[in-house]
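Novice: Here is what each chain is made of, one letter per residue.
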Amino acid sequence: MSEQLEPLKKSEISVNDIAYTQMETGESVGLLGHLKGFWVPFSKIFKKTLTVEYPEVKAPTAERFHGRHQLNRHPDGLEKCIGCELCAWACPADAIYVEGADNTPENQMSPGERYGKVYQINYLRCVFCGLCIEACPTRALTMTNEYELADDSREKLIFEKEDLLGPLRQGMLMPPHPMYPDMDESNYYKGDVKQSHPSQDVK
Amino acid sequence: MTTAELIAADSGTTILIKALLVFVFCVVLTLMSVWGERRLVGRMQERPGPNRVGPFGLIQALADGVKLALKEDLIPAAADKIVFVLAPIISATTCFMSFAVIPITGQVSLFGKTTAMQLTDLPVGVLYVLAIASVGVYGIVLAGWSSGSTYPLLGGLRSSAQVISYEVAMGLSLVAVFIYAGSMSTSDIVAAQSTWWYGVVLFPSFAIFAISMVGETNRAPFDLAEAEGELVGGFHTEYSSLKFALFFLAEYVNIIAVSALATTLFLGGYHAPPGLGFTEAWLGGWFTGIWFFSKVLVFFFVFVWLRGTLPRLRYDQFMQFGWKILIPVSILWILVVATLRTLSLEGAPRIVVVGFASFVVLLVMAANIGFDNAKKKKLASLEVETSEPSFAVPSIPMNVSNINVSQSSKGGDHV
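The listed protein sequences correspond, in order, to chains W and Y.
When we follow numbering that gives the first Met the number 0, the leftmost residue of the first sequence carries the number 0, and every step to the right adds one.
When we follow numbering that gives the first Met the number 0, the leftmost residue of the second sequence carries the number 0, and every step to the right adds one.
Hints were generated in silico from the structure; no laboratory data involved.
Heads up, a few of these hints could be off.
As the list claims (entries may be wrong) - Anything over 12 Å on all C-beta distances counts as not near chain Y; from chain W, calculated:
#1 Gly-36
#2 Trp-38
#3 Pro-40
#4 Lys-43
#5 Ile-44
#6 Thr-103
#7 Glu-147
#8 Arg-153
#9 Leu-164
#10 Lys-193
As the list claims (entries may be wrong) - With a straight-line Cα cutoff of 27 Å, these simulated DSSO-like cross-link-like pairs (lysine-lysine) come out:
#11 Lys-66/Y <-> Lys-80/Y
#12 Lys-35/W <-> Lys-66/Y
#13 Lys-377/Y <-> Lys-323/Y
#14 Lys-35/W <-> Lys-374/Y
To be verified - Listed next, with one range per pair, are the computed distances between beta-carbon atoms:
#15 Thr-149/Y <-> Arg-153/W: 34 to 44 Å
#16 Thr-48/W <-> Ser-293/Y: 47 to 57 Å
#17 Val-328/Y <-> Leu-31/W: 33 to 43 Å
#18 Tyr-96/W <-> Thr-149/Y: 44 to 54 Å
#19 Asp-371/Y <-> Pro-59/W: 48 to 58 Å
#20 Pro-136/W <-> Ile-58/Y: 37 to 47 Å
#21 Gly-32/W <-> Ala-77/Y: 44 to 54 Å
#22 Asp-93/W <-> Ile-58/Y: 46 to 56 Å
#23 Phe-177/Y <-> Phe-45/W: 34 to 44 Å
#24 Leu-123/W <-> Leu-61/Y: 49 to 59 Å
#25 Ile-330/Y <-> Leu-31/W: 25 to 35 Å
These numbers come from a predicted model, not from an experiment.
The C-beta atom is built at its ideal place from N, Cα and C for all residues, glycine as well.
Let the hints inform the model, and build the full structure from the sequences given.
Specialist: This is how it looks when you write it as structure tokens:
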């Protein structure tokens, strides 16, 4: 039985073994059939158009559309990025450049030892594949639905860290500031930090 | 007082004003029809069409015109310069000239003078229109030839062959109108249609005219001269700026002109549709112009509708249709019409006329059945051939799909 699964050799198939399908020539459609063809575009005149009038009307994208990236923050305002460069390594288009640096008590940008000092995404190279998002261990890097990324120079299309960072929300403080009292970075990742503590406000 | 006498009494200033009005009518109608066509075709294709320049995109055509005028005017090095410049001028002027004999309104008063909106009334008005249309072909042929480039040359040749072929059918379709109206003057033909439109009485002529006027104006589905996929832009490939704009203008004025001619010859010209005759006195006679205008717009809509519906014909199919169907059918139809007209003019008894007409109808039906049978026989003979191919066919490399399906459905225990 199994040898029947092998492809047959050319010589084993003769012309007569091949089933021929008769193409349907179709009956003559008649005058009414032709008029039907004219009716289709005519009836379309009175129907709604499919066009989205883009600059005025922006149709929402798909929920998980791959748009511009965003660097997220912890609920107290510290950055989630730890400068590990995994996103840069994952990037197939070599669009991401990261330089990490050490956190110091005077300059605490993220919980833990390291933070991303330089963070650049080159949108001339980015293919929006999302591999960087999968690579990010702290969920610092995610994608927004923003798609209007055209510009007129190469420099403007290299987004710096401050272009990518998410906004400060309710209860967030602008880093650098100390970590939440009596918490270490694992508490941050477990979600124990809900908002900033008054003692964190150094200014 | 006939229209011809009315027009003959015009003073010089009246003629000038009328010429200006006709010119403005053509240009404004062209601008509006470019917009209207794009909007309509857009709606037919489920998109809105131009809607950004002005309210509803109304001045889109004007913006396009300004854009064309501001573009660089190129003359290719290989072009014959004088003819290259002359060609668009020929195209644009001839299309306006045919409007001179089209009666746009009935008797009206223009600045206190009684006249009719028709520039001049020639005894051979319709022949004049046909002649002018033929001269217009020179614009296209010369444009193709003088460009010094291959595609324009091919486009120009195609276009001339096409227009000349369809002019024969067009001319023949008009013969029946001449026989019935007893005149070639446009105003006489309109006057002769006061009871019955020729589009109804001479319906086959009307159908042939309507088809050939699409061929005559190089419009879809007969726009072979500008088949983008084969000839780039056809005869105007090398043209840019205002010269291109002139060709563009000529195309649309031509559409309006043939629509106006069809209205005049077959749809009763400026007369109101049957039953609405009382409207012709409204606005001091100017309302007839509105009837004329709306009939022209109906034709224009059909042009757009055709473009939105039908794909372009292949060149040989197109030529076969013109020479093997349209022209023989027109000639036979003329024979029938001429016989019927002669019978009724000679005062033959009604029974003879009716007998002849029914004989013709029977003949057409018999021929139709004969054609159908021949077609069926041909199809049947084709079916016999397909069951056993005599030609070489490529062998199929694998034959696994059927076996796989049947075994996996049993449970796949063959592994």
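Novice: Now, for every hint given, state plainly whether the structure supports it.
Specialist: Evaluation of the provided hints:
Distance check for Gly-36/W against chain Y: the nearest CB is about 6 Å away, which does not clear 12 Å, and the non-interface claim fails. Separation of Trp-38/W from chain Y is inadequate, the least Cβ-Cβ distance of about 9 Å not exceeding the 12 Å criterion. The Cβ of Pro-40/W sits about 4 Å from the closest Cβ of chain Y, inside the 12 Å cut-off, so the non-interface label is violated. Interface exclusion of Lys-43/W from chain Y breaks down, the closest Cβ pair being 5 Å apart, not more than 12 Å.
At the 12 Å boundary, the C-beta of Ile-44/W falls inside the reach of chain Y, the nearest C-beta of that chain being 4 Å off. Non-interface call for Thr-103/W relative to chain Y: holds, since the shortest CB-CB distance, roughly 57 Å, exceeds 12 Å. Non-interface call for Glu-147/W relative to chain Y: holds, since the shortest CB-CB distance, roughly 19 Å, exceeds 12 Å. For Arg-153/W, the condition that its CB be more than 12 Å from all CB atoms of chain Y holds, with the nearest at approximately 30 Å.
Taking the minimum C-beta to C-beta distance to chain Y, about 37 Å, the non-interface status of Leu-164/W holds against the 12 Å cut. In this structure Lys-193/W is separated from chain Y by more than 12 Å, as the shortest Cβ-Cβ distance comes to about 50 Å. Restraint check for Lys-66/Y and Lys-80/Y: satisfied, since their Cα atoms lie roughly 24 Å apart, inside the 27 Å limit. Simply put, Lys-35/W and Lys-66/Y have alpha-carbon atoms about 40 Å apart, too far for the 27 Å limit, and the pair is violated.
The hinted pair formed by Lys-377/Y and Lys-323/Y meets the criterion: a straight-line CA distance of about 19 Å does not exceed 27 Å. For a cut-off of 27 Å, the pair hint linking Lys-35/W to Lys-374/Y stands: about 23 Å separates their Cα positions. The given range of 34 to 44 Å is respected by Thr-149/Y and Arg-153/W, whose C-beta atoms sit roughly 41 Å from each other. Our hint of 47 to 57 Å for Thr-48/W and Ser-293/Y is violated, since their Cβ atoms are close to 26 Å apart.
Between Val-328/Y and Leu-31/W the Cβ separation comes to about 22 Å, which falls outside the hinted range of 33 to 43 Å. With their beta carbons about 52 Å apart, Tyr-96/W and Thr-149/Y fall inside the hinted range of 44 to 54 Å. Separation of Asp-371/Y from Pro-59/W is about 57 Å and conforms to the stated range, judged on CB atoms against 48 to 58 Å. A hinted range of 37 to 47 Å for the beta carbons of Pro-136/W and Ile-58/Y is inconsistent with their spacing of about 58 Å.
The hinted range of 44 to 54 Å is satisfied by Gly-32/W and Ala-77/Y, whose Cβ atoms lie roughly 49 Å apart. Distance hint check: the CB atoms of Asp-93/W and Ile-58/Y are about 49 Å apart, consistent with the given range 46 to 56 Å. Roughly 41 Å separates the CB atoms of Phe-177/Y and Phe-45/W, a value that falls within the hinted 34 to 44 Å. Hint check: Leu-123/W to Leu-61/Y, Cβ distance near 39 Å, so the stated range 49 to 59 Å is violated.
Remark: the range hint 25 to 35 Å for Ile-330/Y to Leu-31/W is upheld by a beta-carbon distance near 29 Å.
Checked against the numbered hints above, the structure violates hints 1, 2, 3, 4, 5, 12, 16, 17, 20, 24; every other hint is satisfied.
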